[in-house]
Each structure stands twice: as C-alpha cells, then as structure tokens.
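Colleague: Required output: the full structure, derived from the provided sequences and hints.
Each residue of the sequence shown is one higher than the last, beginning at 1 in the UniProt record's numbering.
Please keep in mind that the hints were generated in silico from the structure rather than gathered at the bench. Note that the structure is predicted; figures quoted are calculated from it, not measured. Warning: the hint list may mix true and false statements.
Below, simulated SDA-like cross-link-like pairs (lysine to any residue); rule was C-alpha separation at most 25 Å, straight line [stated by the list, open to error]: (1) K36 with K74; (2) K155 with V170; (3) K155 with A83; (4) K171 with A142; (5) K157 with A128; (6) K157 with E105; (7) K74 with A142; (8) K157 with T129; (9) K157 with G112.
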Amino acid sequence: MKLASLAVLAVFRLCASAQAQDAPDSAVPTPLAVSKSAQLLTGDTWRDGGHLFRLYGVQSCLRGTSAEEPNGNKIDCGNTSLAHLAALFDSAAVTCQPIGYALDEAVFVVCGAQLNGETIDVGTALIATGYAFAATTAKGKAVNENYLVAEINAKMKRAGLWSTTFRHPVKLLLNKRSERQQ
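Modeller: Structure below.
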C-alpha cells in the first residue's frame, strides 16, 4: 500500500511538473502550513506569506456566478465555495505540499487537513461535499481522476451545490476558452 501511494505521488508530481512553468525567484518552503491569517480569494486560491496558492486539480465555483436553491433563493456560487474552504481552514490544521506553478505564478499545492486525528485531502473534502469540482485540462480531461470520482459521487448524492441549479464552473471556463480561440 505504501509503495502504491508513493507511486501515485510520483506520477502526480510528474503531471504537475509537466503543466507548470518555471518557478519565480522567491522560493516557497516545502511543506508549508496554511496560516490563520491567509487571505482567501476563491474557493481554491489564497494568498499567504506573500505567495499565491491554488489547490491542484480543484475548481471552485466562480465568484459572481449564481446558484438557485430549491426554494428559489439565489446565492453567489463562488462565495459559497469560498465559505466552505474558509470553514475547513478555520476548523483544521492544514499543511500543503507545493507541486508546481500555474501560469499566473500561483503555487499549485496538494493539502491535507488534520480532523479528528486523521489527515484528509482538502481537495477531496471540498469536492465530495459538493462545494468544489474536479478541474480539467483545456481538452476537458480531469486533472485528477480521484477528484472526478468524488465529484460524480457528490452529484449523485445531490450534496452541497449539487442540490441547487448552477452553471458548472469547468464548463463556463472551457466555453470562455473556446470563445477566445475563435
């Protein structure tokens, strides 16, 4: 089991490195704890200690997009994703492992949260509860297949945002990218 975990981690790092660009001049310590003073920007991105961090393989709902609850109330989908990331960061000690850099020089990270004596993957927790989604490549392929499974399960259970009507953020981003290429 341990060997399989190391193999998965090695493949994960290799994939992240293949999609990442060269690191900026300011080095980021590894691994790193998310401070309680981190500035949350979206449901998958935050600023901490002068660095911009983004959960690798996770796509939060986009801020400014709406979701409609079954009772007809409209909520900001992105703010809902953000609130759940904030709740997780507030209730647990979160440590992240940097794995690469995004084009905007955000540090891609994979994070674990200590809850009830167990370590949980932050991306899986957000996606499985229905408040984030599996990020995809430009061609629509899931960056992390485990996150896609968690998303499908959350959708089937109508967990979190899946109990509302909303426009899927990955589809919105892929459509926006497609429009720019035309």
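Colleague: Run every hint past the structure and note whether it holds.
Modeller: Going through the hints against the structure:
| no. | hint | verdict |
| --- | --- | --- |
| 1 | K36 with K74 | 30 Å, violated |
| 2 | K155 with V170 | 14 Å, holds |
| 3 | K155 with A83 | 19 Å, holds |
| 4 | K171 with A142 | 12 Å, holds |
| 5 | K157 with A128 | 10 Å, holds |
| 6 | K157 with E105 | 36 Å, violated |
| 7 | K74 with A142 | 29 Å, violated |
| 8 | K157 with T129 | 9 Å, holds |
| 9 | K157 with G112 | 24 Å, holds |
When each numbered hint is compared with the structure, violations occur for hints 1, 6 and 7.
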